[in-house]
Amino acid sequence: MVFILNVISEIFSIYGILLVALSVAGGIAIGAMPGLSATMGVALLIPITFSMTPAHGLMALGGIYIGAIYGGSIPAILLRIPGTPASIATTLDGFPMAQNGEADKALKISIFSSFSGGIISALALLLIAPPLAKIALAFGPAEYFWVTLFGLSIIVALSSNNLIKGFISAVIGLFIGIIGMDPLTGFSRFDFGNINLLSGISPIILLIGLYSIPQALEMLESGEINKGSSVAKLQKFASFKEIWKEFCQFWPAYLRSGIIGTIIGIVPGAGANIASYVGYNEAKRWSKHPEKFGTGISEGITGSEAANNGVTGGSLIPLLTLGIPGNGVTAVLIGGLLIQGLRPGPMLFSQNADIVYIFMGSILFGNFIMFFLGYYGASIFANVVKIPKIIVAPTVIVLSMVGTYAINNSLFEVGVMLIVGLIGYVMRNLNIDSAPAVLALILGPMAESNVRRALLISSGNIGILFTGLINWVFLIATVASLVFGFRTFIRERIK
Amino acid sequence: MSMAVKDRITSIVLFILSITSYFIAKNYPKGAGAFPKVIFIVAIILSCALFISSFLLDYKIEKKNIKFFRIFCIVIFSIIYFILFPLVGFFIATPIYLFVVMFILKYKKVYVLIFYPLCFTLFLYLVFKVFLRVPLPMGILG
Chain A
13 MVFILNVISE
23 IFSIYGILLV
33 ALSVAGGIAI
43 GAMPGLSATM
53 GVALLIPITF
63 SMTPAHGLMA
73 LGGIYIGAIY
83 GGSIPAILLR
93 IPGTPASIAT
103 TLDGFPMAQN
113 GEADKALKIS
123 IFSSFSGGII
133 SALALLLIAP
143 PLAKIALAFG
153 PAEYFWVTLF
163 GLSIIVALSS
173 NNLIKGFISA
183 VIGLFIGIIG
193 MDPLTGFSRF
203 DFGNINLLSG
213 ISPIILLIGL
223 YSIPQALEML
233 ESGEINKGSS
243 VAKLQKFASF
253 KEIWKEFCQF
263 WPAYLRSGII
273 GTIIGIVPGA
283 GANIASYVGY
293 NEAKRWSKHP
303 EKFGTGISEG
313 ITGSEAANNG
323 VTGGSLIPLL
333 TLGIPGNGVT
343 AVLIGGLLIQ
353 GLRPGPMLFS
363 QNADIVYIFM
373 GSILFGNFIM
383 FFLGYYGASI
393 FANVVKIPKI
403 IVAPTVIVLS
413 MVGTYAINNS
423 LFEVGVMLIV
433 GLIGYVMRNL
443 NIDSAPAVLA
453 LILGPMAESN
463 VRRALLISSG
473 NIGILFTGLI
483 NWVFLIATVA
493 SLVFGFRTFI
503 RERIK
Chain B
981 MSMAVKDRIT
991 SIVLFILSIT
1001 SYFIAKNYPK
1011 GAGAFPKVIF
1021 IVAIILSCAL
1031 FISSFLLDYK
1041 IEKKNIKFFR
1051 IFCIVIFSII
1061 YFILFPLVGF
1071 FIATPIYLFV
1081 VMFILKYKKV
1091 YVLIFYPLCF
1101 TLFLYLVFKV
1111 FLRVPLPMGI
1121 LG
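Which chain is which? The protein sequence lines are A and B, in order.
Using our numbering, the first residue of the first sequence is number 13, and each one after it goes up by one.
Using our numbering, the first residue of the second sequence is number 981, and each one after it goes up by one.
Rather than coming from a laboratory, the hints here were simulated on the basis of the structure.
Any given hint could turn out to be false.
A short, non-exhaustive set of chain B residues, derived as facing chain A with CB atoms under 10 Å [claimed, not checked]:
| hint | residue |
| --- | --- |
| 1 | T990 |
| 2 | A1005 |
| 3 | F1020 |
| 4 | I1046 |
| 5 | K1047 |
| 6 | G1069 |
| 7 | Y1077 |
| 8 | K1086 |
Under the rule of at most 30 Å between Cα atoms (straight-line distance), these lysine-lysine pairs were calculated in the DSBU-like manner [to be verified]:
| hint | chain 1 | residue 1 | chain 2 | residue 2 |
| --- | --- | --- | --- | --- |
| 9 | A | K398 | B | K1086 |
| 10 | A | K245 | B | K1088 |
| 11 | A | K300 | A | K257 |
| 12 | B | K1086 | A | K245 |
| 13 | B | K1089 | A | K245 |
In this text, a Cβ means the ideal position worked out from N, Cα and C, and glycines have one as well.
Bound conformation, chain B alone (with noise of 0.2 Å):
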């Protein structure tokens, strides 16, 4: 997809969002609607104007290889180590986490697949719950 039709997309959405919002907002009271009606209005009249711009503009051509299978990956399972995190403990989910992540992404050295994770949680105990004691979730641990 070229940035000018990316652009198009997004000043579409941003239209429908601030318009929607701008009406939420006009029913707020006199002084604490103002300010909000104020922004919603330039974000307006800017989706407009990238939205004309997206014709106008001279956009130059450039190429990014981005790897999607990487970036799905490390979201859908930094996703699940959130959700987990709270219910299995946080120094159970963090080691499991890392090591799956580097694992799917191919990371190769067995023994630093092993250890870091192991050693990173280490240091995150020492660190919030030794020293700055954060009560962290324990889960199963506590």
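Just chain A, with the same shape it has in the complex (with noise of 0.2 Å):
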């Protein structure tokens, strides 16, 4: 009950509330600004909560996460330009209503459905994560090793439109993740003579470099720069009545969407932007009226944004259980977690307990208030899509520059940034996904360290590596993915 109390005032401090509240407003600004993604706004961010307790940082990058999930819809309704990937289904409908002017009420729709999935997520990492961590409590080296193993290749199979270069990009992530000296031996690899490179790279540094670069660069790529894009004025507006009719009518796609975002969440590798897309098939699927997607049909926004805010909570629950990143933004989270000294895994809970309940609490609290700003300042937000594109650009750069420098006040890492950025930017132009490298780089020193420690106990056997059922479960799915994306990189791809 003490314990219960703590966490609670922890969280609702005025502190903990103006961080949440605050984290979330940059977070759907961030979401809202077509080119930034909630992955980069969260490694941006680290370096500045890097000051705060290991609590608060955390209630900042929950509430910078689930807002730019959210955030990235106002600019798929009002422009039909997703301000993150996981609003690519939300413009389907949301654009045609807001043309038939009915942007308010798709706004609404939005943050009804954002709120409804983030709730759903909530609540499932609070009632899943506790036991599940119980239980890979006792996982081994050897069932590490295969999860991390079936992590891997299922971003592989699902990211990339080209399964050989899903892989080419993991194995880029695992060299990078063995430079430096070995976890068991001390020896060192690929230092290159350089002293700096000894204690290997910080998985944050490379986040950093390999999410706001690219990015930046990109935006400048193309198409106009020097001007915003101009929002048009909302016309009708829609009372909390008609919403909450809606809602009251519709409110098992609501649901659903919510349950199959958390579900994908929870498997690592797919992200928000595949749970937007499954959740628009099956909002269409289950409707009365599937001939009317994609007219303007306020269902078809709910079945891609509950779907896309589901993933947040659901996403965070093989994080805090076990240590391992599902998509872009856990992966940053997990460097986040490392520099505050906290490993993130199943011992998170019986260590630093405080902690994992106000994360998970102050997400709960954070939909709150991101319904509350998205309700009353969704056209607000929108404005962020007037800034030009040349301010933004460089602004990331600096950005990015100063928070990696914060870190360990250290130039040579701010050089190491800047280069992961340019090589990530190459990769880009050359159809390379790079979500399987920076998945690689955090799991390939966990899968290494794991089987050799398997190794060690077992003196050598490697038939420990196939003993018991969770090995079997994690090895037989790892076989099904790669399977499965080699079928379908086969069947699509070959001429």
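Work from the hints to combine the two standalone chains into their complex.
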């Protein structure tokens, strides 16, 4: 009881409320800005949360995460430009609604959907994570090895339209992961004679580079950069009663999409963009008027928006219970936890229970703040699209440099961040998705140290990797996801 | 350059890099070298697969009209900025960098061009210097 009161008083302190409100608002603005993603927002904010307590830092990062995923729907509805990839499916019905003069209704439906998806997934997080962490405590190094391998295989199978390139990206991440001292023997690998590389490259620096520099450069690649987009004034206002009536009528759609999003979030590798598509398609399949989808129907917005915000809480489940990142944002969050001196994984629940519960509670609370801000302020946030890209791009570069510097006060790391950013940009232009590299960077060292630890325990007997039910479950899942990936690749891409 | 050609070049570069790295990792002690060696073998196989697949795959023709001048400008100025900020100080280099990039890429509104770099730098000063107390290089100001 004292524990719960402690958690509640931390979240609902004036500082806590302000922090969550500010970060959700910041997240919505970042999400509403085409070209800036939730991942980038979290990556750029990490250096700032560095000086806060771990609990406050996580509250801020969680707020940015949920805000940004919702924020992407605002320009998707008003301009047909998804603010983040997670809102691509929202444009399908959101923009037609705006054209029919129902922009305000579409925005309100979107916040209702995002809110319900967010709440469903936050509750799932609170209910599923603690018992799952207890199960995960029983995992030994062999089990962890298979879990990490499964995570890697699924991200490769899902994230890339070219499986070979997905693997290449993963290999690049694995390579960067081995730079520095070997975790078990201390032998230095690929340090190129540079003393700064001895302790390896901190993941967060690479993540800042990979998620901000390529995006900033891409903004300038083509199109108008000196003028922002203009937003039309809202004409017809939708009353709360009207939206509520709609919600009461279509509540199963909200519930369904929220659950779909949560489940997709839990699966490592599948992120909010996939969820929004699946959510949209399911909404269409279950709807009484599937033929109206695409012409501006509110169920379409619900399908995609409840699902993408459903991912937020779901994706935190493997992060907190196993220490496995499921998507870009959670990979960055792992980087953030590590600099705070916290090791993500089941031990977190026993060693830092207060921090974990404050984090989970603040995600739930953050959704209410998001609802308030989105319901009354969506049209204000829409104004960020007026900012020309020529201002945003160099600003992002400055922020990523000063942020990287702030972590260890090291100019060397700023240089590494820039180089990695440029590599990321080249990869993008070669159609090599950087997401597998990012996850491999975090999962690679985990896989290596776990498999070697397992072999140390068994004194070199490889059989330890193949005993026990959990090992086999993950082994089969890994093979299955690879087979699935190869089949789709061959079917879709070979001439 | 078509994507198929780009893929072939990528595969050759990757092949050379992974072969070289494999031989570096070969000299590492047994435990420390095993994992890197596996990675490089996989990389070698992947580079071959990419090379072969570039002849088999169905590449959708996509036209991407990249304005190279813009990318070139921002990359070069960012590198100059990175070299300069430890020397002249962060809070001098930053507004100059922002101004120069926006000016070269032909941003027109004069008041934004002048005030935005200054205001944003002030914001960074407040966040990083006053609030977070990060010892940013002050250069001539310090």
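Verification of the supplied hints:
no.	hint	result
1	T990	6 Å, holds
2	A1005	7 Å, holds
3	F1020	8 Å, holds
4	I1046	5 Å, holds
5	K1047	6 Å, holds
6	G1069	13 Å, violated
7	Y1077	7 Å, holds
8	K1086	6 Å, holds
9	A:K398 / B:K1086	17 Å, holds
10	A:K245 / B:K1088	25 Å, holds
11	A:K300 / A:K257	17 Å, holds
12	B:K1086 / A:K245	29 Å, holds
13	B:K1089 / A:K245	24 Å, holds
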